[in-house]
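Protein chains: 2
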Amino acid sequence: MRYWWVNHKQTVKQEIGGQYLWSPKTETNGARSEFYNNMRRASPGDLVVSYADQTIKHVGRVAEFAFTAPKPEEFGDTGAYWSNEGWLLPVFWTPLFPPVRPKAVLESIKRFLPSRYSPINPTTGGGNQKAYLASIPEQMFDILITNITFSREMLRRGGSNSLNYQVVIELLEDSIQRRIAEDIQIEDTIKKSVILARRGQGVFRANVESVESECRLTGVTNRSLLIASHIKPWRSCQSAQERLDGENGLLLTPDADLLFDRGFISFQDNGEVLVSPRIDPTDLRRLGFDRLVEDHFRFAMQPVPGRTRGFRSTQHGYLAYHRSDVWVS
Amino acid sequence: MRYWWVNHKQTVKQEIGGQYLWSPKTETNGARSEFYNNMRRASPGDLVVSYADQTIKHVGRVAEFAFTAPKPEEFGDTGAYWSNEGWLLPVFWTPLFPPVRPKAVLESIKRFLPSRYSPINPTTGGGNQKAYLASIPEQMFDILITNITFSREMLRRGGSNSLNYQVVIELLEDSIQRRIAEDIQIEDTIKKSVILARRGQGVFRANVESVESECRLTGVTNRSLLIASHIKPWRSCQSAQERLDGENGLLLTPDADLLFDRGFISFQDNGEVLVSPRIDPTDLRRLGFDRLVEDHFRFAMQPVPGRTRGFRSTQHGYLAYHRSDVWVS
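Keeping their order, the protein sequence lines are chains X and R.
Residue 93 in my numbering is what sits at position 93 of the first sequence, and the numbering runs on without skipping anything.
Residue 59 in my numbering is what sits at position 59 of the second sequence, and the numbering runs on without skipping anything.
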């Protein structure tokens with residue numbers, strides 16, 4: 001379990017209200033940022049202090065691993081210079097009474113501030129402009145919220161029902177679908193196909209079936225048991241062409257679809273299977289992927305030989321996206 | 001593989017155009033009907049001749065097992081006396097050129113007509129008013145469509161992309177959702193919850209989580225991997241109360257959700273698992289349910305002891321519905 005500190009920018013209201021954090025994947029100039037990379041390091045159960053206006057007003061429990069998602073619509077023009085695709089980290093927030101001003105406890109927390117990537121300036125106690133999600137030691141977290149009315153138990157339980165991956169994805173995709181439905185530049189038949197493609201149906205499914213013939217994880221060929229899944233997620237596609245492209249799809253059984261969509265498994269271009277260190281092997285076994293778990297450990301946590309042929313070169317671009325932006329490494 | 005004959009009623013256009021057959025489950029007086037029961041006996045790959053206006057104009061390939069579904073909206077007032085819930089059988093239809101008039105070949109097919117439940121009168125050659133879906137021998141099917149321009153290969157391939165359970169369910173549920181959204185008698189907050197419940201989310205999921213704690217087939221407890229499934233399907237519920245009732249839900253992994261929703265598995269009130277004879281054991285194994293297959297055969301194709309406690313009495317009514325109307329026996 002880890003502890004985090006987030007320096008909100010202009011979108012604190014949306015993030016706290018919407019029960020998440022969202023960041024771009026890179027700096028505006030394309031450079032990787034330690035603070036943005038931290039979004040993918042946070043794990044369910046981690047705790048986060050939320051810092052805005054020089055005050056910590058909320059503490060949150062990470063509800064799910066981060067996943068790739070377009071900039072939330074409710075951000076509006078705020079952060080218009082940010083890239084449209086970023087990391088969304090579901091966090092269940094609860095308010096602190098009274099709020100904490102870190103400057104007031106600067107002397108006690110100073111020695112726990114990390115030397116690199118500190119969220120605040122160790123001398124002035126003011127927020128570090130460049131920081132977003134920063135790792136902090138447990139002792140620092142404890143000092144910050146000592147004496148605060150805040151129930152860890154409530155935080156743990158309160159979030160279990162409200163927030164999960166499926167809910168967040170559903171809301172997010174609903175808003176994208178609304179935008180597509182209202183887009184007057186897209187032809188009606190294309191629009192219909194793109195909306196059907198969200199659930200792996202229609203033209204998209206037919207296109208995938210002409211490229212793939214079976215589930216690459218289980219070998220199931222019975223089409224009634226197979227889902228047409230996007231490799232580059234529907235929500236992250238940039239065009240109708242990408243959303244309907246058969247090369248951007250796999251036929252997967254429902255469990256395999258969830259693991260792939262959630263980024264717990266991915267594929268190399270040669271067909272080898274990547275197993276994320278973040279998925280619990282016990283869960284994988286219960287889902288029936290015993291062989292995958294065994295092979296993963298037999299090959300010393302390396303990619304597992306695929307049960308089908310390698311991918312076509314036309315699929316490689318989508319797979320590269322999946323490995324870099326969907327797979328939870 | 002079996003052969004069938006359907007005597008369409010007033011809804012031939014809708015059924016052929018919509019690529020399905022739909023029948024009530026019982027006669028108007030509540031009696032079971034052999035012709036309606038046949039809907040559940042048809043299997044993917046079976047062939048059907050479509051008879052209307054004393055002529056066979058189409059032949060179809062059954063695309064999926066029948067499933068419980070409300071009367072298609074497009075039937076309008078036709079068959080208004082029919083019950084609202086019936087069997088929907090996806091069939092991929094293709095036209096025959098030229099159409100066949102069974103009366104013209106009555107002498108050759110006469111001897112193959114079943115003595116009970118015949119679709120036509122063996123003397124007059126006219127359609128049997130009471131018949132809907134009737135079983136016919138292969139020889140009779142062959143005589144009927146000898147010399148007809150009709151490619152079995154086309155029939156086989158043509159249907160594979162267009163029609164599957166997920167597509168049919170999606171369209172059906174879309175139309176129900178539209179009716180709910182337009183219903184001025186339902187409060188807006190309830191409406192929202194009922195629509196979220198379609199995907200196992202919101203209030204419904206929270207309600208289910210307060211009743212069930214793990215997948216009863218796999219033992220998975222990680223909520224990120226669990227779907228809140230309706231026992232009595234969302235599309236078949238009669239009220240918002242049924243659609244939101246936690247007692248009408250199970251937490252299932254995605255594969256288990258598909259098998260349960262599709263009626264390939266069901267449960268006894270004491271928690272024992274029923275395995276449908278219609279699901280291929282090889283598919284079950286590939287989905288990771290090896291133990292279920294083994295136990296099923298070990299207990300001489302009887303119910304498999306459940307891995308969790310029995311159900312609460314408040315769940316029994318929904319389970320009885322699932323066994324009688326969803327389970328593919």
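Rather than coming from a laboratory, the hints here were simulated on the basis of the structure.
A few of these clues could be false.
You can't tell identical chains apart in this list, so a pair holds if it fits in one copy or across any two.
Said to hold, decoys possible - Listed next, the in silico DMTMM-like pairs over lysine to aspartate or glutamate satisfying Cα-Cα at most 25 Å (straight line): (1) LYS191 to GLU74; (2) LYS13 to GLU247; (3) LYS191 to GLU209; (4) LYS130 to GLU294.
- Item | Non-conforming hints, listed in increasing numerical order | Hints 2, 4 are the ones this structure does not satisfy, whereas the remaining hints hold.
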